[in-house]
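Trainee: Protein chains in written order, with our numbering: chain X, 26 to 433; chain V, 21 to 329.
Just so you know, these hints were derived from the structure itself, not from any lab. Think of the CB as a built atom: it goes at the ideal place given N, C-alpha and C, for glycine as much as any other residue. Be aware that one or more of the hints could be misleading.
Between beta-carbon pairs, the in silico distance windows are [as the list claims (entries may be wrong)]:
#1 V:A278 / X:V356: 50 to 56 Å
#2 X:L423 / V:A38: 19 to 25 Å
#3 X:L297 / V:G205: 55 to 61 Å
#4 V:E100 / X:A405: 15 to 21 Å
#5 X:R49 / V:G34: 30 to 36 Å
#6 V:R98 / X:A405: 44 to 50 Å
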Amino acid sequence: MQRVHLVRLTALWQKETLALLRDRHGLIALFLMPAIFIVVMTMALHDAFMPGAAIDVAYAVVDLDDSPASRALVARLDKAGSFRRIATERDAELARQQVRAGRQALALVVPAGFGERLLAPGGIDGKPTAPLQLLVDPVLNPALQLAFRTQVSAVLGTLRADELSQRAGQLFGLPTAGQPVERAWPDDIVSVAVQNERNVRPPSSVQQNVPAWLVFAMFFVVIPIASIFIVERQQGTLQRLRALGLPFGLVLLGKLLPFFVVNQLQAVLMVLIGRYVVPLFGGEALHIPDGGALALAWLLCAAVSLAAIGWALLVATLTRTPQQATVVGGVGNILMGAIGGVMVPKFMMPAAMQQLAALSPMAWGLDGLHTVVLRHGGIAEIAGQLGLLFAFAGGTLLLAVLVSRKSA
Amino acid sequence: MSAAATGIDLQAVGYRYAGAGRPALDNVSLNIAPGQVYGLLGPNGAGKSTLLSLLCGLSTATTGTLSVDGRPLAGLRRAEPRAVALVPQDYAFYPTLTVRENLAFFAGILGFAGAAARARIDAGIAFAQLDDAVDRRAEQLSGGLRRRLNLAIGLLGEPRWLLLDEPTVGVDPQSRHFLLDAIAGLPAQGTSVLYTSHYMEEVQTLCRRLAILDHGRLIAEGELESLCGDAAGAQVELATDVALPAALVERWAMLSPAPREYLLKLPSTAALPGLLGEIAGVAQLRRIACGRPDLEQLFMRLTRRSLRD
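Chain X extracted, bound-state conformation (with noise of 0.2 Å):
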């Protein structure tokens, strides 16, 4: 490169740090805000990303049998764990009142002659069978409602199968163990994260989160390029370095580097506070991957950097005001994050939406992280998702320099 373009240059990024520097909004979108975001997603998303974390819903039970089959029906619940029994009733109306009154979400009723016909359904002998009976808060979510049923049936099935191969046993004289309720077996089911190399467990809440808010982040240049491009453009800046001789190119170059830096400083600050400010606040420490893991993560970051820094200058080119870009920009890059997996994580959205999220560059460089830290992917893994990001990053650079030529 000419010695005067180096100069050039030069001159173009310390003006950009320096106009940066004194933009306060831009440093409180950049760095504030997602620190923010972290901290709070990170706690307030901790459990549902806990494998087997306890549910905070309670609920009761009305033992109105209370036979062995019913106790034991209600230990086999308390062990299963999820959600949280408060109380065993005597009387299903009070229990109904509890409900209406919030202190549980959910009474279940264990009718009299429970233990007694638990292997009679009903009508089979004649007589009929009374049905468990699951009293409900209406404003329970139906998924944990549903949750409850079918741990219930899953409890009344194993419960009735013991209580079958008690009886046959006794029938055909052979080895029996004791009563059903004293049995431990082996019914928790453990979540394990399949992985390339060895099976850890699945992401923490830090673990989506830290990446999740830092791809949004860095997609926040878009405020500060969009400002600082606006008032050159309005002020006739632009037009004095074109009479100066300044090729449109360097003009992007002197912008391209200052903020892949600032975007590279967001980076190292959202994992630092992800490994020692979430802790703080009673979170798990963010796993810092080491060696080839953290060589791939950082040429994700790298990926995504240019692709906001492209997004940036496409929207600073497409719009009048700096207002403008600033509602071009910020609303851009909400939906982005909406669609792309950042504010609900994308494992929690509905198939139609997965694949809306494919169409976010946001989604790329999340997916990718993640693929690198999580599931320890290699480059290949991640070849797709960074050919994505550089794509993005090219066409929107190319799209900026065609329209500015256009309105020149």
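Using the hints provided, position chain V relative to the given structure of chain X.
Mentor: Below, chain V alone, put in the same frame as chain X:
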């Protein structure tokens, strides 16, 4: 084309914006000698800014040729990119940067580094008397100080030609006086100036020669003295109680800038009694002024409109 001509030389220059019905510049030929402050006048939309943007390389002429100091403009800009500098009408610098930071930035864009950059920045500060404002952000400066910074940035590269586009808009009288003095002194320091302004009195003070553009065409060019005192005739301005008959207006080659107001030029004051005699037969005179026109009157006569429209 007079390739050997010194100064700024335009030969049959034309420029048309994409999609525009008529050209912004139409067959303009003009030679501006170095060593002076040359005035460029014209109403809004006359083609002044287009001419400046051609001269500083922001646009390329559709037809005709431009040369500066005997070299085709494009070649000169490649060989000596600092030879022609523009000071735009906008405050084309960074509001959140200080005066010194702005000067340092533009010095860098001009390719100055190290001691050379520092020397140019100090010279700019001294020239525009910005010593007390060097560490203030540009957004905190008064209109006058901003204009001075704008001018100082334009002079950083020690250009041979400085193109000034309305350099005194929005400044206080003291700053205007300072700017005009500073600009008047530039030719002596080796910088020739092409000066556009809406303020006629400024052009009259600063420029010995000037050109007037209207609708993209050059409608007058020459020494201020000879343009205003053309043919030693007398300029007559008059107002009547009723409109004058068209035949009378035509015979005396009158212009009518407003209803029942007329402008005309007489070969000498001896023709005045004849004119008054003819008018007396058809209308009453409300007002009459007779004498040598000033620049504003000349401008109005030539462009048939006010400068500030």
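Trainee: All hints, please: hold or fail.
Mentor: Hints, one by one, checked against the model:
no. : hint                        : in the structure
1   : V:A278 / X:V356: 50 to 56 Å : holds (52 Å)
2   : X:L423 / V:A38: 19 to 25 Å  : holds (21 Å)
3   : X:L297 / V:G205: 55 to 61 Å : holds (58 Å)
4   : V:E100 / X:A405: 15 to 21 Å : violated (54 Å)
5   : X:R49 / V:G34: 30 to 36 Å   : violated (49 Å)
6   : V:R98 / X:A405: 44 to 50 Å  : holds (48 Å)
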